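Participant: Chain by chain, the residues:
4 protein chains.
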Amino acid sequence: MPLIRRPQPKQAASRSFEPSRSRVSSLDRLIFFSDGVHAIAITLLVLPITVPRVAEGDLGRALADNWREYFAYGLSFVVIGFYWLLHHRVFNFIVREDRVLVRLNLLLLACIAFLPFPTAVLGEYGSNWAAVSAYAASIAATGLVWSALWWWASSGRRLIDDTLTDGEIRSRQVDGILTPIVFAASIPVAQIDPGAAEIMWLALIPLGAAVQRYYARDSRG
Amino acid sequence: MPLIRRPQPKQAASRSFEPSRSRVSSLDRLIFFSDGVHAIAITLLVLPITVPRVAEGDLGRALADNWREYFAYGLSFVVIGFYWLLHHRVFNFIVREDRVLVRLNLLLLACIAFLPFPTAVLGEYGSNWAAVSAYAASIAATGLVWSALWWWASSGRRLIDDTLTDGEIRSRQVDGILTPIVFAASIPVAQIDPGAAEIMWLALIPLGAAVQRYYARDSRG
Amino acid sequence: MPLIRRPQPKQAASRSFEPSRSRVSSLDRLIFFSDGVHAIAITLLVLPITVPRVAEGDLGRALADNWREYFAYGLSFVVIGFYWLLHHRVFNFIVREDRVLVRLNLLLLACIAFLPFPTAVLGEYGSNWAAVSAYAASIAATGLVWSALWWWASSGRRLIDDTLTDGEIRSRQVDGILTPIVFAASIPVAQIDPGAAEIMWLALIPLGAAVQRYYARDSRG
Amino acid sequence: MPLIRRPQPKQAASRSFEPSRSRVSSLDRLIFFSDGVHAIAITLLVLPITVPRVAEGDLGRALADNWREYFAYGLSFVVIGFYWLLHHRVFNFIVREDRVLVRLNLLLLACIAFLPFPTAVLGEYGSNWAAVSAYAASIAATGLVWSALWWWASSGRRLIDDTLTDGEIRSRQVDGILTPIVFAASIPVAQIDPGAAEIMWLALIPLGAAVQRYYARDSRG
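Chains as they are written, first to last, in this note's numbering: chain H, 1 to 221; chain R, 1 to 221; chain V, 1 to 221; chain C, 1 to 221.
Keep in mind the hints are simulated off the structure, nothing from the lab.
This structure is a prediction, so every number in the text was calculated from the model and none was measured.
Careful, some of the hints might be misleading.
FRET-style restraints, in silico, Cβ to Cβ [stated by the list, open to error]:
1. A64(R) x S127(V): 52 to 60 Å
2. V54(H) x P188(V): 35 to 43 Å
3. V100(R) x D98(V): 31 to 39 Å
4. S171(H) x F71(V): 56 to 64 Å
5. R53(R) x W67(H): 41 to 49 Å
6. W67(H) x V100(R): 25 to 33 Å
7. W152(C) x A64(H): 24 to 32 Å
Only some residues are given here: those of chain H computed to face chain R with a beta carbon under 10 Å [as the list claims (entries may be wrong)]:
8. T43
9. E56
10. W67
11. R68
12. Y73
13. S171
14. I199
15. M200
Positions of the beta carbon are idealized from the N, C-alpha and C atoms, including for glycine.
For reference, chain H alone in the conformation it holds in the complex:
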């Protein structure tokens, strides 16, 4: 009955009935808000791609020369998409919130929502060491906050349920620290050879495989 929205004038005035009380739990609002920030950040990635201002005849070449911006767009789309999938997965196991989780989640969102900026720098400057380092640092910071969030939620099963075994919890703690390590390690490399640092990021592919293993585990129960 509370699923029906039709106005119920008499009961609505009485306090024992709550026809309009929200049925969205606090944890659901946290998840919706996080999904929203991920969705907006991932969609804003397109904004810094610049429309070339050239003579009509040169537009084709100018669009092709833009390739660094498309690469940065694609890379950051994969990164934010990967973190969204991780959020999606991890919050499947979280059954309670506390104020540390809420704050770590906000800090995580601050990192995610910041990514369009280093992406724009990378798209503009390409294999410049400062651009590559700024990008790697942003993603390493995001990964560190993720690890902290998962560590907080999972250690001693503080906020998670019994679905996962202890071994699975530990293995996810290890997996989660991989991204920040790879990206942090690429910063000194970028001082010497920015292209080599970008190649290190291809470590995203084994990380993608790690996410695949997450899914595989879930389907096995």
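We have chain H; now place chains R, V and C onto it with these hints.
Facilitator: Relative to the frame of chain H, chains R, V and C by itself:
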């Protein structure tokens, strides 16, 4: 009872009760996220429309001269709206997710979220062959990813339920490949006559009719 | 039981169980998408407000001179907020969707999502007749689409339930046409005196009162 | 049964069944819309951070010189995050809506959605008195609207349930007025010493502690 959000301190500490566990399914989060990206991308289409910088007296004419940007806005609004409707329809039949679906869906969103860029190029350069080709290529890519997604979900009824007959599944597979074919075919045409390529896009109208047929089928059961 | 998201590996493979089927109805997705577009458009209104580029000492005055942009922001916030409230109200009575409703709703969203552009023009040019006319035309178009949507949904109770009396339906049809009439009528006025046209928009206040009457009616049942 | 979305052709035509009626309550739509505006505003904060246009070799230094923009981003992220948490908390207790609440909430959202602008000014001009004052005034206005909203909802338990004691309601009324007072008081200080005004904002930390106390109270029941 789990519909009531009122804090229940004692049970909350016990692990057998889950008063704050999210009730949003994984597939629902996928759908919300996709709706969010579509909604954001469609609303960002307005941002590249430039406020003219002219003398006060010339504003009327300058706003009218902007018509190419309004046309590009309207066209991309129809395109993203069409793809959102398709998402809306197709996910009505999807009852399970797997990791391929999740990734194809992210790839699709990357295409949708990219559309404001070729739209801005088209609005700026109009019937330039490079602008027309870039726009057509973006939409053809989006349509190809859609076809892949539907093919993956529907072949062998991998992720869909029994609502659709085999004939309906096949007919949707054919419908879905129409948009990318029309837009891909318009690319070589644009090399010769960009205006003719834009006229080909009026093939959107029969495609709209195809969506109508989708709805008609649904109402017949 | 379907409210619990815990993976249920064996049943998930069987077709008769649907543990992950979305529970979001098609009409709900339409409403979420519409809420999303309204929320994004209303938040994008801030983007065209320009950060002054002046000497440090002149910043205070430059910020104050920006008042036209703040006025345009506030005005459009009220307008989009008003239309969102109307959407909120009207979709309370809509119990079915059809493809005309879906398309009229998309057309409405195209109007709403376009509003940041005329707002930016108005903020930049102020009481210029072309800026005032473009703004008024955009809002008149939005209002016309709204009237069409409500007329379609309500005539012959095509898509609405029995909550409203025939008199209430007609009175809402009249109310809905008020905004486009006021804004359309302000366009010729703006050719002569743009300030007078803006004063006509204060007709928003009686319109606000009309929304109040909507609420009053609902609370009476 | 209404949880199943499968098309039910015959009943759909009959008026006594409502297979597609939305199950989202009016208060839930208000909350979703508010979450959306908070999420968008917090994510738009990144847009004004400017990609430096310098020689390749100077990029590292130019990115470092950008620190005021990162500071403004972080500060406003904390502020909007704080207000979102407050919304999250307060709407836990609100069980009814009325038109004053809906309008105060819209006014609040207008304040929140405006924050990216003073943030951009602060990021661009830093410790300029006008920039600091504009920022403080925006946040003070946001806080005042919040206080009005909470006062309206809670006085005489107009829109809230019985979960809170009278003492808790009053203590939240006091807490809520703290932010606007601190920020308003920093405006005259900024005329003399803008840096001192920014230090006053560190009063955000005790405010954060106040939110902690909110949570502590909830967990005690």
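Participant: Next, verify each hint and record whether it holds.
Facilitator: Results of checking the hints against the structure:
1. A64(R) x S127(V): 52 to 60 Å: 19 Å Cβ-Cβ, so the 52 to 60 Å window is violated.
2. V54(H) x P188(V): 35 to 43 Å: For P188(V) against V54(H), whose Cβ atoms are near 42 Å apart, the range 35 to 43 Å holds.
3. V100(R) x D98(V): 31 to 39 Å: holds, 33 Å
4. S171(H) x F71(V): 56 to 64 Å: The hinted range 56 to 64 Å holds for S171(H) and F71(V), with Cβ atoms some 57 Å apart.
5. R53(R) x W67(H): 41 to 49 Å: violated, 30 Å
6. W67(H) x V100(R): 25 to 33 Å: holds, 28 Å
7. W152(C) x A64(H): 24 to 32 Å: For A64(H) against W152(C), whose Cβ atoms are near 58 Å apart, the range 24 to 32 Å is violated.
8. T43: Constraint on T43(H) satisfied, holds at 4 Å.
9. E56: holds, 5 Å
10. W67: violated, 13 Å
11. R68: violated, 14 Å
12. Y73: Holds: closest Cβ of chain R sits about 7 Å from Y73(H), inside 10 Å.
13. S171: violated, 18 Å
14. I199: violated, 22 Å
15. M200: Since the shortest Cβ distance to chain R is 22 Å, the answer is violated.
Figure legend: structure checked against the earlier numbered hints; hints not met, in rising order: 1, 5, 7, 10, 11, 13, 14 and 15.
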